[in-house]
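Chemist: Residue numbers (the UniProt record's numbering), protein chains in the order written: chain D, 1 to 400; chain P, 1 to 175.
Hints are computed from structural coordinates only; laboratory data are not their basis.
No false leads were mixed into what you were given.
Taking lysine to any residue and the SDA-like style, the derived pairs with C-alpha atoms no more than 20 Å apart in a straight line are:
| # | chain 1 | residue 1 | chain 2 | residue 2 |
| --- | --- | --- | --- | --- |
| 1 | P | Lys64 | D | Thr74 |
| 2 | P | Lys158 | D | Leu368 |
| 3 | D | Lys245 | D | Thr279 |
| 4 | P | Lys64 | D | Leu166 |
| 5 | D | Lys334 | P | Gly125 |
| 6 | D | Lys168 | P | Gln108 |
| 7 | D | Lys168 | P | Lys70 |
| 8 | P | Lys64 | D | Leu88 |
| 9 | P | Lys64 | D | Ala34 |
| 10 | P | Lys64 | D | Ile160 |
| 11 | D | Lys168 | P | Leu117 |
| 12 | P | Lys118 | P | Ser175 |
| 13 | P | Lys142 | D | Gln340 |
| 14 | P | Lys64 | D | Asp99 |
| 15 | D | Lys107 | P | Lys64 |
| 16 | P | Lys135 | D | Gly333 |
| 17 | P | Lys26 | D | Ser98 |
| 18 | P | Lys64 | D | Ser65 |
| 19 | D | Lys334 | P | Lys143 |
| 20 | D | Lys334 | P | Asn134 |
| 21 | P | Lys70 | D | Asn169 |
| 22 | P | Lys70 | D | Ile164 |
| 23 | P | Lys64 | D | Thr101 |
| 24 | D | Lys334 | P | Cys37 |
| 25 | D | Lys168 | P | Asp120 |
| 26 | P | Lys64 | D | Val261 |
| 27 | D | Lys168 | P | Leu76 |
| 28 | P | Lys142 | P | Thr131 |
| 29 | P | Lys143 | D | Asp369 |
| 30 | P | Lys64 | P | Cys37 |
| 31 | P | Lys64 | D | Ile164 |
| 32 | P | Lys64 | D | Ala91 |
| 33 | P | Lys103 | P | Lys158 |
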Amino acid sequence: MNMLKLLPFAIATAVASGHLLANEQQNNSRFALAGYGDVKYEDSELMDTSAFSARFVPIFLFSLSDQMHIEAETEISVDENGETEIELEYADIHYFLSDTTTFTAGKFLLPFGQYGPNLHPSWINRSAFSPGIYGGLGGHGGYQPMQGLLPVMSDIGVGIQHIIPLGKNQKIFFDVYMTNGLATEAPHDDEEDAHDEEPVQDEHEEVVVDEHAEEEDEHEEVDDHALELPELAFEATSADNNSDKAFGGRIAYAFLPGIEVGASYYTAKYDDDEKLGFTATGFDINWMGNHYIVRGEYIKTETDAFEEDEHEENKVITFDRNGWYLQATFMAGKMFNVLQGTDFVVEYAETNKINEAERWAYGINYWLDSRAVIKATYEDTTVHDGEDDKRFAIQYSYGF
Amino acid sequence: MRSIIQILLVASLSLLSAFSSYAAEKISGAEVINNNCARCHNARAVHEFSIPEWKVIMPHMREKAHLTGKETQAVLEFLELTSQRAPLAKKVASEKMIAPDGKQLFVQFGCQGCHSLKGDGGTVGPALDETIKNKGIGFFIKKLQNPQFNNSSSPMPKMPLNEQQIKAIAQYIKS
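Only chain D is shown next, with the shape it has when bound in the complex (with noise of 0.2 Å):
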C-alpha cells in the first residue's frame, strides 16, 4: 500500500527531473515519460453489468548512452473491488551491439504474433476490446468469455534481436528469447493468498472460467478433456518453479510500408518435474493499405497432461487447441473528406477443439487526431459448451 501512496511523487519527481535534465542538457536528455490512458465504459448481457473503468499506463523511458536504453511500463488501474492495482508490464535493458543486432534483458513483452508486443495498447489496438484468442489482455476487463490460446504478454529473461535489411523496402526480422516460462496454477484454495500477492488480471480470469466449468459439469456431461485441460500460470514471476526456460522466436518479413508477416514459437514446461509441456506456434500479419488495414494471427497450441491408465500409471496425453482472428479497418476518413477521423472495423475470431467459441465483433472509431481516439464496439459471442455473451463498449483512449 505504502508503495502506491509514493507513485504518485515518484512520478512527479521523475518528471520533473526529466524536465530539469531536458533544460540543462538542451540537446541530450537521457530521460522521457511516454504512455496511454483510457476510460471505458462497458455493457455486458452476461454479466448483466455495466461499468465505467479507467487505466493510466505510464511509460518510463531512459538512454544511459548511445548503446544502453532503458524502458519500463506500469498499468495503474482500480479492479471490481476498489483495490488499485498496478502492474509491471515490463521493465528491461535493451543493448544496441551493432546497427542491427539488440540484445534485451529484464521483463520484457514476449515477440510473439503481434498483438501482444506491437498492437496491445489501446490507442493503437483499432477494437475496443482484445481479439478472442488472447482472452482478456489489453482489452477485457473481468470475465471474458473466449478462453484466450496464449493469455502471456510479458516475462522475465533475456532475448536478441537481429535485422537484415534487403534493400530499402524488405527487411527480415529475427527474434528469439529465453524466459522463467509457466507453472501450474496453484491450487484453489490458495487463491485468496495468491491475489493478495499478485494482483494480476488474467487471474481472475481463469478461476471465473473454471467456476463455469464446474457448474457445467452440474448440468450434463461435458467432454471430460475440456475439464481436463490442465491451468497453466502464464504470469512472469521472478522464480520459476523449475530449471527449464521457456523458449521462443519469431522470424518475420516485412515487406515495407504496408506489410508484415510472422512466425512464431514458444515452448516451455510447466510441471516442477519437466515432464509436461506447452508448445504454442502461431502466424500473424498486419497488412495496411492506403484505406485499410487487416490485421490476424492464428495460433496451435499443444498442452501436455498426465492421464492415468488402467495400470494406475502415468502417461503424458496431449491437448490441442487452436484459434486465429482477423480484423479489418476501413479507414473510411481518408477516402471520404466529410468521414475525416472515422474507421469501421470488422473482426472475427474462433477457438477450436476445447472450449470453442467464435465472435463477431463491429466498431466505429472516432479519431481526434493521431493518437487520441474514441471507439465503439460491439462484440457478440456464441460460447458452444456455455453461455454466449453480448457486449458493447465505448472506449476514449489516448496515447501521450
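Starting from the structure of chain D, add chain P where the hints point.
Modeler: Showing chain P alone in chain D's frame:
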C-alpha cells in the same frame, strides 16, 4: 524448426549480399518514417515531443519497429531538421535571397519520402502532381505552413519554411 531457421538464414544472407549497397547509401529520414512509422499506429506528430525527448523515444521505437541504428539516426536528423524554428528559415532564405531553390528544398525536407511525384516516392501522403492544380496554391501554402489545419491527425511535419520557399517548392512541383 532448426532446419527451417538454417535454410532461412542461408537464404537471407545470400539475399543480403545482393542488397548490401543499401548500407552504404545515405538514408533519408523522411523515407524511413514513411516506410516504418504508420504500420502499427498512426504516425505521431513531430511537435508532440521535443527533440531531447525524441532522442530517448527513438531507441524505444528502434527495437519495436526493427530499425537499424542508421535508420534511427536518420529519423532523428530529419526530426531535428523539421523542428528548427523560423529564424533558420530566414537565414537560409537570406543566403539565397534571389530565388530559393525549390528542388533543393523538396529534397532537403524529404517531401518525396512521403509523397510521390511523377510516379516516384513514398505513399503515406497523397501524390503531389495534381494537388496545386486541384486545390490551388493558397491551399498548398496553408498546408505547408500548418499541415494539421485541415486534418488534425496528419502526420506531416510542419517544416521551417517561409512563404517564399513554399512558393519555390510549388514552382518545382509544377515544372
